[in-house]
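Engineer: Residue numbers (UniProt numbering), protein chains in the order written: chain U, 1 to 286; chain F, 1 to 286; chain P, 1 to 286; chain D, 1 to 286.
FYI, nobody ran anything at the bench for these hints, they're computed from the structure. Wrong hints could be hidden among the right ones.
Copies of the same chain are indistinguishable here, so a pair counts whether it falls within one copy or spans any two.
[Said to hold, decoys possible] With a cut-off of at most 30 Å between alpha-carbon atoms, the simulated DSSO-like pairs for lysine-lysine come out as follows:
| # | residue 1 | residue 2 |
| --- | --- | --- |
| 1 | K252 | K281 |
| 2 | K243 | K132 |
| 3 | K243 | K189 |
| 4 | K132 | K79 |
| 5 | K148 | K79 |
| 6 | K281 | K15 |
| 7 | K15 | K253 |
| 8 | K15 | K243 |
| 9 | K132 | K253 |
| 10 | K15 | K252 |
| 11 | K243 | K79 |
| 12 | K189 | K151 |
| 13 | K189 | K253 |
| 14 | K253 | K243 |
4 protein chains.
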Amino acid sequence: MLEYNAQARLLVSCKDQPGIVANISSALYQVGANITESAQFSTDPTDGMFFMRIAFDHHGLHALTELNRHLRGLQASTKMTYRLTDPNHRLRIAIFVSREDHCLMELLWQQRTNMLPVDIAMIISNHDLYEKTAQEFSIPFHYIPITKDTKIDAENAQHRLLESRVDLIVLARYMQILSRQMIARYPNKIINIHHSFLPAFIGARPYERAYERGVKIIGATAHYVTDELDAGPIIEQDITRVKHSDDVASLKKMGRLIEKNVLARAVKWHAEDRVLVHNNKTIVFT
Amino acid sequence: MLEYNAQARLLVSCKDQPGIVANISSALYQVGANITESAQFSTDPTDGMFFMRIAFDHHGLHALTELNRHLRGLQASTKMTYRLTDPNHRLRIAIFVSREDHCLMELLWQQRTNMLPVDIAMIISNHDLYEKTAQEFSIPFHYIPITKDTKIDAENAQHRLLESRVDLIVLARYMQILSRQMIARYPNKIINIHHSFLPAFIGARPYERAYERGVKIIGATAHYVTDELDAGPIIEQDITRVKHSDDVASLKKMGRLIEKNVLARAVKWHAEDRVLVHNNKTIVFT
Amino acid sequence: MLEYNAQARLLVSCKDQPGIVANISSALYQVGANITESAQFSTDPTDGMFFMRIAFDHHGLHALTELNRHLRGLQASTKMTYRLTDPNHRLRIAIFVSREDHCLMELLWQQRTNMLPVDIAMIISNHDLYEKTAQEFSIPFHYIPITKDTKIDAENAQHRLLESRVDLIVLARYMQILSRQMIARYPNKIINIHHSFLPAFIGARPYERAYERGVKIIGATAHYVTDELDAGPIIEQDITRVKHSDDVASLKKMGRLIEKNVLARAVKWHAEDRVLVHNNKTIVFT
Amino acid sequence: MLEYNAQARLLVSCKDQPGIVANISSALYQVGANITESAQFSTDPTDGMFFMRIAFDHHGLHALTELNRHLRGLQASTKMTYRLTDPNHRLRIAIFVSREDHCLMELLWQQRTNMLPVDIAMIISNHDLYEKTAQEFSIPFHYIPITKDTKIDAENAQHRLLESRVDLIVLARYMQILSRQMIARYPNKIINIHHSFLPAFIGARPYERAYERGVKIIGATAHYVTDELDAGPIIEQDITRVKHSDDVASLKKMGRLIEKNVLARAVKWHAEDRVLVHNNKTIVFT
Chain U
1 MLEYNAQARL LVSCKDQPGI VANISSALYQ VGANITESAQ FSTDPTDGMF FMRIAFDHHG
61 LHALTELNRH LRGLQASTKM TYRLTDPNHR LRIAIFVSRE DHCLMELLWQ QRTNMLPVDI
121 AMIISNHDLY EKTAQEFSIP FHYIPITKDT KIDAENAQHR LLESRVDLIV LARYMQILSR
181 QMIARYPNKI INIHHSFLPA FIGARPYERA YERGVKIIGA TAHYVTDELD AGPIIEQDIT
241 RVKHSDDVAS LKKMGRLIEK NVLARAVKWH AEDRVLVHNN KTIVFT
Chain F
1 MLEYNAQARL LVSCKDQPGI VANISSALYQ VGANITESAQ FSTDPTDGMF FMRIAFDHHG
61 LHALTELNRH LRGLQASTKM TYRLTDPNHR LRIAIFVSRE DHCLMELLWQ QRTNMLPVDI
121 AMIISNHDLY EKTAQEFSIP FHYIPITKDT KIDAENAQHR LLESRVDLIV LARYMQILSR
181 QMIARYPNKI INIHHSFLPA FIGARPYERA YERGVKIIGA TAHYVTDELD AGPIIEQDIT
241 RVKHSDDVAS LKKMGRLIEK NVLARAVKWH AEDRVLVHNN KTIVFT
Chain P
1 MLEYNAQARL LVSCKDQPGI VANISSALYQ VGANITESAQ FSTDPTDGMF FMRIAFDHHG
61 LHALTELNRH LRGLQASTKM TYRLTDPNHR LRIAIFVSRE DHCLMELLWQ QRTNMLPVDI
121 AMIISNHDLY EKTAQEFSIP FHYIPITKDT KIDAENAQHR LLESRVDLIV LARYMQILSR
181 QMIARYPNKI INIHHSFLPA FIGARPYERA YERGVKIIGA TAHYVTDELD AGPIIEQDIT
241 RVKHSDDVAS LKKMGRLIEK NVLARAVKWH AEDRVLVHNN KTIVFT
Chain D
1 MLEYNAQARL LVSCKDQPGI VANISSALYQ VGANITESAQ FSTDPTDGMF FMRIAFDHHG
61 LHALTELNRH LRGLQASTKM TYRLTDPNHR LRIAIFVSRE DHCLMELLWQ QRTNMLPVDI
121 AMIISNHDLY EKTAQEFSIP FHYIPITKDT KIDAENAQHR LLESRVDLIV LARYMQILSR
181 QMIARYPNKI INIHHSFLPA FIGARPYERA YERGVKIIGA TAHYVTDELD AGPIIEQDIT
241 RVKHSDDVAS LKKMGRLIEK NVLARAVKWH AEDRVLVHNN KTIVFT
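Hey, can you work out the whole structure from these sequences and the hints?
Structural biologist: Here you go:
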C-alpha cells in the first residue's frame, strides 16, 4: 500500500450536472489521493444543487498543489465552488458566555479531551464570572460588559479581539442579541444554542413558555445566527421527555444537559467541515 | 391473603389540603380494598390543586357502594370531586378517519390484540375508503361526506350516531376542523393527533413547513380538542430524527410511524383513566 | 436538463485501492448516468475493504448494457464484485409467522401503503391463525405445521414453495429454529427479529430474563440468520425504556411496538439494497 | 395555608397488607405534615412486597419526633422497615476515578451548579492525574496507588478515609475491581458505571466487543456493586445509536457522553432517596 503523509478535505457545491463526481474523483486519482470518506447530496428535483464532501489522504504539499490546479480547471468549466481544508489546521473558536456555564464547561472539557477538534482562542463574557475557569484551562478571558448604550462599542471591542484570530464564534448561552452589523461580519460563522426545539418558542423564556403550554418534550437547537432572531439555518436539535410534575426549574436543569450536548455536536461538525448551508438550511454530512 | 373479586379506580381532584390522602386511604381501608397502584400530584405552589389516581382490588358491589358512601362524605367536607370507574367497563370509542389509514390500522390492531383496553363502537369517515377494513374487524362503518355547506348537518348526523354510544372520539387523521358546537358536546372527550411537535407548526401542512424550515427532528402530538386550533391540552408527544436528504414525502412516511404510536398511547392512557386535565394542561399518571 | 427514463443501483465491494471511485464514476459518466445518491465506506485500516452504493438515473436498457460492459472491464482489473439492480423490480418476500401477528400486520400495512418497496409473495405459518388476514391482503397463505419429527419434511415443503419465487425470507416472530440445511439455502437472505437488544438475552424467553435482571431498557434486533443462534449480522436495533412497575406482560406489549418497527426498517433497507455484509457485520447505507 | 418550616422524606418497605397506606398517611396527618410527593409500588403477585416513598413538609423537630413515635408503633404491628431522612442533610459522596475524567468532571460540575444534591467529600484515585482538578473545586484529593500486591492495604487506606465521612462511593470509571471484603463494607452504597448496556458485554473491553459484534446501539449502565462482577442491581441505563463507520475510538468518545449522564442520574436519584433495592433489582421512584 502507498504511503500517505497528510490528510485533507474537499468541499464542493455547484449546479447538479453529469460528470461532476467523475471529474472530481479523477482529479483526486491523478494526484494519487486516497478517498477515506465521501458523501454527496443533490437537492434535485427542488433546485438542482449538488454538494459533496470528501476526506482523503495525500502525498504532501506537491500533490495538493497539483490537485488545486485540477480543481481550478474544473471550477472554470463547471462553475463549481470548492474549498480545500487541512484537518491539522484546527479551527480557532471564541466562546461567548453570560451567566450560565454549562455549555462553556462542556466545550472546555470536550476540547481538552480531544473530543472537539478545535483550538479555543478566547472566552468573551459580559459578566466577570468565569475568569478563574478560563485560567484553569489556560485560555484568555475578556470581560466586556454591555449595556443598551454601549452595545456597538462593546461589539467593536469584541471584533478587534476576534479579527483574524478566530474562525468561529460560539454563543454558549450568551444572553445578548447581536447587532445586524456584528452578524454581517461573520456570515455562517456564529453558532448559537437556543433552548427550545425551534421553531417552537422563538425568543425569550422558552422554558417558561414550554411549561405553560404543557408540552411533553423540551429541546434545544444549535443554529447559525442570521438577522432574523432564532431563524437561522438549524445545525442540530435534540429533545428530552418531561412530565407534568416538572416545574420550570426542573425543565431548565434538564434542558441544560440537552443544550450543552447539542451545541458541542454542532461545533464539532462545523469544525470537521461537515456542515454546508444552502437556502437557510444545512446539509450535515455525518 | 384476602380474596378479591373485582377491580376499580378512583380519581380525585380538589384544593390541596392536609389529610386528604389519609382520608381517602382510610375510606379504602375501611371497605377492605387493596391498593394496587397509586399516584398523586400537587400543583402547589402554583395554584394549590391536588390530583390522585388509585387502582384497587375490592370485594364486590357491596364494598364499592360502601366506599362511595364514604367518598360522598369526604366530598362534602373537602369539596373534592371524584370518580369511581370499573376497568371491566371498557371505554367505547369512535374513530374518525379521512384518507390516511395508518392511525386507524394501529388502533384496530392494538385493540384486537388487547393492547388497547377499549371497545371500538364505530368508524366514521368523510370518505368511503375503509368500509372493507371496518368489516374485516367487524366494526360498524358510517360514511358521512362533508362539504363546507353540509358541515353542520354532517356533524349532527355524527352526533346522532355517537350519542350515548361512545365515550371518546378519536380523530385518527380526520382532516376536518370540528365546529365549536361539536367540540362543546364532547369536552375533553375528543383526542386529535397533530402531525408536528406542537406548538411548532400549528395548522395545516406541518411536514411541508418542517421541511422548509430545515428542522432536524419531526414529531407528533396527541391532544384534547378545544375551540382553539391545535391548542388543547397535550397528552403525549414523540419525535424522530430526520436528515437533509429527507424530502417532504419521506418526512410524511417517517411521521406516520410516530403519529400512530403517539395516538395509540394517548388513547390507552385516557382509557385507563390516567389523564386528568387542569388549566389546559394534562396530568398523566403513567 | 437531460431526460432520464429509468433508475438503477450499483453495489460494489473490493479491496480498497486508488482510483476505484474515479473508475466507477467515469463509467457512469460515459453512459450518461446521473448519480442521485452515493455512499461509500472503507474498513481500512482494519482490513482494507471498500464498499459503495450508488443510485442513478439512466437512459434505458442500452445505456445499462454499456455500463455493464464497462463494469466487467473494471471487475477484471480491480477484482471488484458488483451488482446492478433495478428498483422497479421489487424484492419478493415470504413472511414466516407463528402465533403473534404484530410484525406480520406491520409488514402487510407498510407494504400496502407503499412504505415498504417489496412484493409479498406468500405467508407461511406453522399455525393456521392468519389465513383470513392473508386473504384480506390477497396474499397466498401456506399452513405448514411442524413437529420435531417433521421438521426436515416441512422445511423441504417450504423450500419448494419459495424456490425461485422469493428473494428474501422474513421471520416475523416465527418461533422455530431453522435447520442448518435450510439456512444454507438462503445465505444473508433470511432476516429474523429477535426480541432483545442482542447480544443481551440470546435464545429463548428474553423478556422474562430482562424482567428478572431488572434492566431499565428493552430492545429488539433484526439480523440475518446464520448457523449460530442469534449471532448473525445485525441490521438494526432499537430500544424502549421500562420501569420497575412493568411486569413481563407489559414488557412483551411494549416490546412488540419496537420489534415490528425494527423489522420493517431492516426489510426496507434490505429491499433498497442498503445493506452489505462483511465479516459477520453489516454496512448499512442509510 | 399552614406554614411549614422543614422537609423530610419517608421510605417504607414491608409485606403488602391492607391498610398500610391508610396507617402511614394517617400518621403523617396527625402530626400536621403535608405530603408533596408520593409514590408506591407493590410486587404482588410476585412476592407481595410493598414499597413507598413520601416527601412531605412538616412543622419542625417536634412534629418529626412525634411522627417517628407513630411510625415505631406501626413498625411493631406491620413488621415494616422505614427510614426518615432530611433533604437538607446532603449525602456525602466519595468519587473514585482512574485515568478517564469525563464522569468525574460531570459530577463536579453538576454538584457545583446545584444539579446534584450531594456534598463531594473527597476524590480518591489510583493515579495522580486529577489533583489539580480537585483543587480547583476545593475538594480533598487522595492518591492511593494500587498494585496486585498492595490491593488489600490500599483498600484499607481508602476505608480509613471513607469511614464515617462518606455515605456513598461513586466509581466514576475507576478501573479496579473491588475486593469482596471492600464491597461488604458498603452494601448498596457503591455505584459503578459500566460502559455497556448490561447484561451485554459484562467485564472488560465492552466497546471493543460491541464493535466486533457489530451492534447498532451502545450504552451504559449505572448499578450498585455486588460480589458478582457487573451483576448488581441496575439503577439506570441509556444508549446511543452507532453506525458501521464508527470505529472503537469513536464508540468510546460517544460512550463517554452516555456514561457521564447515566452515572449522574443514578447518583442524583440515590441522593434523593428515590432508589430502593429488592431481590437484586431496583425500584426507582422518579
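Engineer: All hints are to be evaluated individually against the structure, with a verdict given for each.
Structural biologist: We went through each hint and held it up to the structure:
Both within a single protomer and between protomers do K252 and K281 lie at most 30 Å apart by alpha-carbon distance, with minima of 28 Å and 19 Å respectively. Within a single copy, K243 and K132 get their C-alpha atoms no closer than 37 Å, and across copies no closer than 39 Å, so neither meets the 30 Å cut-off. Taking the shortest Cα distances, K243 and K189 sit within 30 Å of each other only across copies (22 Å), while inside one copy they are farther apart (36 Å). Taking CA atoms no more than 30 Å apart as the test, K132 paired with K79 passes in neither setting, with 50 Å inside one copy and 55 Å between copies.
Proximity of K148 and K79 under a CA criterion of 30 Å is satisfied in neither setting, with 45 Å inside one chain copy and 52 Å between copies. For a Cα distance limit of 30 Å, the shortest separation of K281 from K15 inside one copy, 17 Å, qualifies, whereas the shortest one across copies, 37 Å, does not. For the homomeric pair K15 and K253, the shortest alpha-carbon distance between copies (28 Å) is at most 30 Å, but the shortest distance inside one copy (45 Å) is not. Taking identical chains as interchangeable, the C-alpha atoms of K15 and K243 lie at most 30 Å apart only when they sit on different chains, with a minimum of 21 Å there against 47 Å within one chain.
For the identical chains of this complex, K132 and K253 are neighbours both inside a copy (23 Å) and across copies (27 Å), given an alpha-carbon limit of 30 Å. Taking the shortest alpha-carbon separations for K15 and K252, only the inter-copy value of 27 Å comes in at or below 30 Å, while the best intra-copy value is 44 Å. Proximity of K243 to K79 under the C-alpha cut-off of 30 Å is restricted to the inter-copy arrangement: shortest distance 27 Å between copies versus 53 Å within a copy. In the homo-oligomer, the alpha carbons of K189 and K151 lie at most 30 Å apart inside one protomer (20 Å), although the nearest pairing across protomers, at 53 Å, exceeds that limit.
In this assembly of identical chains, K189 and K253 lie within 30 Å of each other by CA distance both inside one copy and across copies; the values are 28 Å within and 26 Å between. In this assembly of identical chains, K253 and K243 lie within 30 Å of each other by CA distance both inside one copy and across copies; the values are 13 Å within and 22 Å between.
Of the numbered hints stated above, those contradicted by the structure are hints 2, 4 and 5, listed in ascending order.
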